[in-house]
Each structure stands twice: as structure tokens, then as C-alpha cells.
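Undergrad: Single-letter residue listing:
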Amino acid sequence: MTESTYNLLVLVFPVLVPLTLAAITAVLWRAPAAQRAVSIIGLGVIVGVSGLLTMAVLQYDILAVEFGSWAVPFGISFVADRLAVALVMITAILALCVGIFSLRDMRQTHIRGGFYPLFFGMITGVNGAFLTGDIFNLYVWFEVMLITSLGLLVIGRTKAQIDGAIKYALLNLFGTVLFLMAVGLLYGATGTLAFADLARILPTLEPTPGLVATAILFLCAFGIKAGVFPLFFWLPASYHTAPFTISAIFAGLLTKVGVYAVFRVFTLLFAVEASGIREIVAVVAALTMVTGVFGAAVQWNIRRILSFHIISQIGYMLMGLAVATPLAIAGAIFYIVHHIIVKANLFLLAGAIRHASGTDDLKKSGGLLKSHPWLAVLFVIPALSLAGLPPLSGFWAKFLVVDASFKGDMAWLAAAALFTGLLTLYSMTKIWMEAFWKEPGIERSQPRKIPFAMTAPIAVLGAITLTIGFYAEPFVQFAEQASITLLEPDVYIAAIFGAEAQVGEATALRSEP
Amino acid sequence: MTFVYAATIAILAGAGIYMILAQNVVRIVMGVALLAASANVLIFLSGRLGSVSPPIIPEGTDVLAQTAANPLPQALVLTAIVIGFALTAFGVALVYKAYRSLGTLDASAMHDAEDMGSPFTPSQAKQ
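For the record, the sequence lines run as chains B and C. Sequential numbering of the first sequence, starting at 1, is according to our numbering. Sequential numbering of the second sequence, starting at 1, is according to our numbering.
So here's chain C without its partners, still in its complex pose (with noise of 0.2 Å):
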């Protein structure tokens, strides 16, 4: 089960990292995301998977049962993914502003930033 999981992981980071090269900006944002859900599941398979009974304490009893899951790489997971949805959000946003105010979703052709005071274009002060 364990190479199940690490071959999951290994597709995502792979396939990630490939979008990542792209010149297209959609494409390295849907590359990151993909990378982060990587992570997510290397998190989840860092805290072992061996029990499925829910990290509930039982009635009567003060602490967790022996047979229970880890619950710390749940939470960990999750304010991962809140954190990811945020960011991901942001980039597709800034992306689409950059389409529209930049005119072009290459990466190679935004160089708005680079003109300023570069020493190989003749210098226009865009501020």
C-alpha cells in the first residue's frame, strides 16, 4: 500500500514540476498546485497509515485508544490545503490580470519589470 501512496506522490511532484516548466503562466500555476498537493499527501503518508478508526476518545476514558490514527497530520493537512487554495486563488487571479493588462500569458514575453533601468533596453522611466 505504502508504494501505492509514494507513486501518487511521485506522479503529482512529477507531473507538477513538468507544468512548472512551461512557459505558459496558467500552466505553472497549475503546476504548483499540483506540487502542493503533493506535499499534502506526502504529509498524510508521513504520519503513517495504518488505522482508519477515527482519532475520536472514547466515552469514559481519558485518553486516545492504541488502534486510533494520528490526527496531527490531519490538521496539518488541512491548514496546508487552506493555505494552497488561498495562494492558488491569488495566483489564477494575478494571472488573469496580467492577461489583461500585460496582454500575453508567456512568461518570456512579460518584461514590464526588466525595462526599468535595464542596461539593455533603451531606458523609458514606466512608473
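Only chain B is shown next, with the shape it has when bound in the complex (with noise of 0.2 Å):
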């Protein structure tokens, strides 16, 4: 097998194998006990053919390969950096927690409803949005993860679930909408659509205000995605209505794959220094972190305050952006690989906490540290972890992007990210108040056992928040890394174009649009 073969091959998998395995559990449709067991061993095989592709981008720095030989703008692209396969990786070591959680979690008429083959289609969509090199090509990734997540969300059929889909459809479909027409304006203004070309031509272009209104669109499309202030009104409306296990998988990754993407849209095409962008940033990162804070402070089922806190939590990550130095970005990377360990374990949680309990309601709630202590221990982990206290992986996420605001000249934004950790320890207070600490409502004689399969994943994931957490030194590193194919798209184009090419430089073969 050549060199080549073998790159090909690898960064096809993460996309590959999922979408045969939904092809499978399909097929399987009646007989769910034969789909469960291909969904573990597959989300297994998830797990090592991403870990295939880590090492052959630790190795290489960067993968590219086009599809069907076709030359860099003409065809479709693949293309792995750090970022995307820190992101891959991560995704397929949930996909495989959430996988085991759904063991137990999942009703026999979820799977018989297709839960499944939904959940490797989203798996295969997260996976072609965070490897693609195409900009249309991401917005089919998009609508991909899009339509598999609206039949994971309705799949129980309840009215809370159809009242929230309707929502969450709407908005996003909304937000695809936008996504689509700034690709056409995008094309029209410079001809192509590859990531690598784009990076090339458009720092030659001047800035009109037809390319500004197409920035703006792209900031409006990933911001509904990624659920940013004004735009987030969609996700606390549906997460906390899905079961368990979808819900975990939706808060670890759907924002997430938006966020992605506004950072690679807003580093390799657009500079966010340019034309105002970088202080709208600041400001939608400031504001999405208090009313994201704020909104949960009320809030009283389990689920609808974390998913608020989803929100606030991006905030952070657009913070990095917006204050666009490597340490920033760097910051930011590490924010999107802690807070999805973080967030979709704190679910998972709210799952054990609903079996223990029998509500997710934190007012009828409450005597789990008595009946179940292990669950509070696993609980502390992710929560403080979440509220940014050391020595958890919260801690130096937060640590580098407000040191980097700091350095970067916008305390103002180092401000609201402390008070806005202020009281994300608030709400982590409250649930553990209500749900563990105060004397339960209803006495139980007999405590509800959490099966394995809902303990096991939940600590696994803690334990990597402790891993980050006391070992972030490499993870640092790492980001730091990942933020140098993002800060210098000359090692993005020469990815693909070869060394020699550089910024500015227009390709002979492209034809006039």
C-alpha cells in the first residue's frame, strides 16, 4: 500500500465507517438486539480508525487528499490539520461513552423509531464537517447533521419533543438558508470554493461591501449553529426534551461543529481583524456568556440549565476569536475539547440523576448523596470542572483564554468571563443542592440501582477531564499547534497546493467566473 493509498484511506475512515454502520443498523431494523452489538463494536472501530488518522497528522502535521482526481479547486477535498482531528478524535471517544450509556438508556421503541441508524448518520455528518476542504461540501455536512438530529430529537414522539423540534427546525433551517447564500456570494466574488483556494485569492480581493455582507451571513449561519447571543433561542427550547442519550450527544457536539466552523471560516478565508468583525465577535462572546449564565440561574430541570450553560460556554470559545492571538486561539482549542468531554458528561449525568431519582425536576429532587455517593463524586468532577476551578480541565481552559483577553487588551471581556464563572459555580451549587444534598420530597425505601453501562461511561469521562486536568501540559501543547494551521493559512494552501504556493498567488488553471 503507497503512501498515498494509505492517506486516502485514513482520513476517509472517520466519515466511512460511520456511514456504513448506519447502512447496517438500517438494514437491521427489526431485530435490535443485532444492532446494539454492532453499534458497540463499530463505535469501537470509530474510535481506532480516528486514532489511525491522529497519528498520521502527529506524524504529518497535515493530510489532504482530493476525491476522484481531481485537481485541488475543481474537485472536493478532505483535509485533516490538528484542529480536525483533535475534534475527530474526540467525537468518536463520545460517540462510544454515549453509545454504551444508550445500553440502558434508550426504550426499545427508541431503537425500533431508527435511533441507531440516526445516530451514526450524525456521527457521519459531525465527522465530514470537521475534515472537509470544500465550503459547499460543508454545508452538506450540515444538512446532514441537520435532518439526523431532528429524527434523533422527535424520536420519542412526546409533545415537549414535537413542541421542541418545531423549534429547533425552524431556526436552524433558517440558518442553513443564510449558510447557502453566502456560499453563492462567496462563489461569486471569487470563483471557487475550496478552503485552500478561498485562503488564497480572498486577501486579494478588496474588501466590498458585497464580501462584507457575505462575512456577516457566514457569522449568522454558524452562530444559529453554534447557538450564540441572539441567536441561541432554538437550543434551550429543544435539548432538554430529547432522551438522555441524544440530548448528551446534541450538547457535546452539534454547537460545537459551528463553532468549528466560524473559527475556520473567520481564520483561513476572513481575517476577524478586519472590518469591524473582530469587535462584533467580542461583543456576541460577551453577551452570549451572561444571558447564557443568566438564563440558567432560573431555570429548575437539570437539562435546561446545562443546556443554558451550553450557551454561556461558547461564549468563551468565541472570546478566543475574538481576541485572535495564537494564545488566544490556542485557548479556545483547548476550550472545545474540554467543554465537550464536560458538557455531554454533565447529561449523561442528569440521565443517572433522572434513573436514581426518578425526576429531572430539581424541585421534587434531592437525597442522592445518602443513596447513591459515587454519583455525587462522579458529579463534582465535570461540574466544577465547569465552573473553572483547579485543578480540573476548566481550570486552564479558562486560565488561557482570560490571560489571553488580558494580554490581548480586552479585560473588559476577561470580566465577563469570570463573572460569568462566578456563576456557573452558582448553578453547578444549585443542582448539587437540590438533586443531592437536601432531603428528598418523596422517600424511597428502596434506592433505584444506576446500571454499569450508565456509571461506566459517565467515568470514563471523567476521568479524562482529571487527565486534562492534572496533565495539561501536553493538551496545551497540543492546541498550541492547532492554532499555528489556523493563525497561517500559508501551511493550510501549502497543505494542498504544494510548498511553493503561496497567498495572493491566483491559480493558472482557474477560470474566469
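Check each hint, because a few of them may be wrong.
Stated by the list, open to error - A few chain C positions that, by computed beta-carbon distances, are all more than 12 Å from chain B:
| no. | residue |
| --- | --- |
| 1 | Leu34 |
| 2 | Ser53 |
| 3 | Ile56 |
| 4 | Glu59 |
| 5 | Gly60 |
| 6 | Thr61 |
Said to hold, decoys possible - Below, a list of computed lysine to any residue pairs in the SDA-like style, where the Cα atoms sit at most 20 Å apart:
| no. | chain 1 | residue 1 | chain 2 | residue 2 |
| --- | --- | --- | --- | --- |
| 7 | B | Lys159 | C | His111 |
| 8 | B | Lys167 | C | Asp106 |
| 9 | C | Lys97 | B | Gly151 |
| 10 | B | Lys363 | B | Val290 |
| 11 | B | Lys167 | C | Ile56 |
These aren't lab readings, by the way, just hints derived from the structure by calculation. None of the values given here were measured: they were computed from a predicted structure. Ideal Cβ positions, reconstructed from N, Cα and C, are used throughout, including at glycine.
Make one complex out of these two single chains by using the hints.
TA: Below, the structure written as C-alpha cells:
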């Protein structure tokens, strides 16, 4: 096997394997037990192939393949740099943990409703979005993700799910239309759709009103997907209605794909410094943090509290983009990885709390510290990590972005972040007090045991949080190296076009649009 | 000619946004479909409408003739139409299901998800 064939295979597997699994589980529609077995083996395979891709990227820094032997500006390419590969790897680990959790959480009706095919379809879309090197292809992966997540959201067909799905569907559909319009305008201005080619051509163009409008449309479209202020309303309206397994994978991955797209487009294609976008991103980041955390403070449903916290945490990631120094971008990348693990873990814990106490309404629950002390320990790890207490992963993540914004002359943004951290601690304390500490409303004679399939993934994700917290150094180094490909488009361009190509050098082959 | 296309896009997008602002969810779905149609025309216009000769390589040559139309926007629009069709179909089915189970098409009257754990209403665990 030659090197290029190997590169092609490792790059395509993280998309191909889940797609195949979606097909297999769809064929096994009437055999839920077989679907479960295939899924768990398949999720292990996804972790394996993502690991292979990670190793290849660690060796070569950046990998690229063009499909169908079409040269770059014409064909569609897949590109894996350190940021993309980190996210693919974390997606695989998360999918495995959530898949194990689903063994006990998903009911028979959910599996008969097509849970596993839709789940793998969503993983396909997420990995495709991370790996693609073409902006229109990114749109297609967004749509794959959207349609499968809609199916997952309404899988139980309850009233609340249908209500939530309507809001989720309509706002996200609007967002993808904006994305499509932005792609159209971008193509009209540049005549190309490949990221690497766009990164070469866009810096040479005058910032016309059309291009600025394109940038704003991209910001709005990805902002809806990422759930930033003031476009986040679909998120707390829908995430808490889905089954716990599904809301955990949504909370971990979907908004982060939007954040990833913002990072890709506003580092590689449009410079954040230019044309006031940086100020917009900074203000949006601050407002996202503050409104999210205030929204959480008044809620009493565990998952609604956590949903609002997703929003406030997205603000921290955008903060890194607003400051836009290498340290800030590295901090934001670290933040994304930390956040995916912690947030999904908290949603899984919400499922375990519901299983143990019979409700996810904090007013009714209680007494879990006495009946399930280990669950309390497992809850404390991600909860305090989310609030950013040392020595957990959230502390380093917050430290990096806050430190970067002080150094980048954006102290007000750092102040907003620290204030948000304090209120996050308030919400986590609220869950702790109400679910674990206080006397239960209804005394149970026989505490319900939490099955091993639920505690195991929670423990694994908690262990990852602890590992990132105690051995932060290699992760921070990785994030710093990952920020290089984002901040220096030349590295990305050279990986696609060869070392001699540079920003601003137009392709001779490129036809005039 | 460009003005006609631009006006078409503007009218379609304007009508779509007007429909999205409605309370009735059926109108909102139709509005999104109209907006998607305007995005498709926008892509088409972005690809420059000049030539009408089909982008087919003539026999005996290896390259497309200079006068041929740009085939890429057509491929993009085709993809976008297919995706838009699927999502609109899902949206219509979802709205129908909502009408059957929630008994209303008024977006502001749909609050079953909001009621879960809300601080403002007597909280009922509806699961």
C-alpha cells in the first residue's frame, strides 16, 4: 500500500465507517439486539480509525486528499489538520461513551424508531464537517447533521419533543439558508469553493460591501448553529426534551461544529481583524456568556440549566476568536475539547440522576448523596470543571482564554468571563444542593440502582477530565500547535497545493467566473 | 437582465422573510422554502449567466469550449434543491404531527417544552 493510498483511507474512514454502520443498522431495523451489538463494535472501530488518523496527523502535521483525482480547486478535498483531528478523535470517544450509555437509557420504542441509524448518520455528518476542505461540502455535512438530529430529537414523539423540534427545525433551517446564500455570494466573488483556494484568493480582493455582507451572513449562519447571543433560542427550547443519550451527544457535538466552522472561516478565509468583525465577535461573545448564565440561573430542570450553560460556554470559545492572538486561539481550541467532554458528561449525569431519583425537576429530587454517594463524586468532577475550579480541565481552559484577553487588551472581556464563571458555580451548586444534598421530597424505601452501563461512560469521561486537568501540558502544547495552522493560512495552502504556493498567487488553471 | 434576476431574488427573499415572521407554523415552513428558492437563484446568478450553450465537451477535443455555460452552479443548485426538498418535506411532516398532537398551528401557543422545569409555570414533569 503506497503512502497516498494510506492517507486516503485514514482520512476517509472516520466518515465512511459511521456511514457504513448507519446502513448496517438500518438493514437490521427489526433486530434491536443485533443493532446494539453492531453499534458497540462499530463505535470501537470508529475510535480505532480516528486514532490512526490522529497518529498520521501527528506525524505529517496536515493531511489532504482529493477525491476522484480532480485537482484541488475543481474537486472536493478532505483536509485533516490538528484542530480537525482533535475534534474527530474526541467525537469518536464521546460517541463510544454515549453508545454504551444508550444500552440502558434508550427504550425499545426508540430503537424501533431508528435510533442507531440516525445516531451513526449524525456522527457521519459531524466528522464530515470537521474533515472537509470545501465550503459547499461543509454545507452538505451541516444538512446531514441537521436532518439526522431532527430525527433523533422527535424519536419519542412526545408533545414536548415535537414542540422543541419545531423550534429547532425552523431556526436551523433558516440558518442553513443563510449559509447557502453566503456560499453563493462567496462563489460569485471568488469563483472557487475550496478552502485552500479561497484562502489564496480572498486576501487579494478589495473588501467590497458584497464580501462584508458574505462574512456577516457566515457569522449569522454559524452563529445560529453554535447558539450564540441573540440566535440561541432554539437550543434551550429543544435539548431538554430528547432522551438523555441523545441530548448528551447533541450537547457535546452539535454546537461545537458551528464553533469549528466559525473558527475555520474566520481564520482561514476572512481575517477577524478586518472590517469590524472582531468587535462584533467580542461583543457577541460577552453577551453570549452573560445571557446564557443568567438564563440558567432561573431554571429548575437539570437539562435546561445545562442547556443554558452550553450557550454561556460557547461565549468563552468565541472570546478566543475575538482576541485572535495565538495564545487565545490555542486557549479556545483547548476549551472546545474540554467542553465537549464535560458537557456531554453532565448530560449523561442528568440521565443518571433522573434514573436514580425518578425526576429531572430539581424541586422534586433530593437525597442522592445518601443513596448514591459515588454518583455525587462523579457529578462533582465535571460540575466543578465546568465552573473552572483548579486543578480540573475547565480551570486551564478558562485560564488560557482569560489570560489571553488580558494580554490582548480586552480586559472587559476577561471580566465578563470571570463573572460568568462565578455564576456557573452558582448553577452547579444549585444542582448539587437540590439533587444531592437536600432531603428528598418523596422518601424511597428502596433506592434505585444505577446500571453499570450508565456509570461506566460517566466515569470514563470524568477520568478524561481529570487527565486533562492534571496533565494539561501536552494538551496545551497540542492546542498551540493546532492554532498555527489556523493563524497561518500558508501552512494550510501548502498542504493542498504544494510548498511553493502562497497567499495571493492565483491559479493559472482557474477559469474566470 | 441581471436586474431582473436580482429583483426576482429580492422578491422571493422578501416574501420568504415576510412569511417567516408569521405566527402560523405552516406559513413559516413555506417562508423558509421560499427563502431557500431565492438562495438557489442567488447561486445561479453568482455563477454568471451569460452563455446558453450546454457545458458539454465537443467530440474530438479535451476541453470545454470557451462559450460554454459554467456547470458548477448548476451542480450546486441541484444539490441544494435536493437537500431543501428533503428538509421541507420533513418540516411539513413535523408541522402536521404537531397539529395532530399539540392541536394548534400557532407558534406562540406551543409551550410543552417550555413548561418543563420553567420557573414561571407550575412545574409538571412531562416526560
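Undergrad: If a hint holds in the structure, say so; if it does not, say that too.
TA: Do the hints match the structure? See the list:
no. : hint                   : in the structure
1   : Leu34                  : violated (10 Å)
2   : Ser53                  : holds (15 Å)
3   : Ile56                  : holds (16 Å)
4   : Glu59                  : holds (21 Å)
5   : Gly60                  : holds (21 Å)
6   : Thr61                  : holds (16 Å)
7   : B:Lys159 with C:His111 : holds (9 Å)
8   : B:Lys167 with C:Asp106 : holds (12 Å)
9   : C:Lys97 with B:Gly151  : holds (13 Å)
10  : B:Lys363 with B:Val290 : violated (25 Å)
11  : B:Lys167 with C:Ile56  : violated (44 Å)
When held up to the earlier numbered hints, the structure conflicts with 1, 10 and 11 and fits the remainder.
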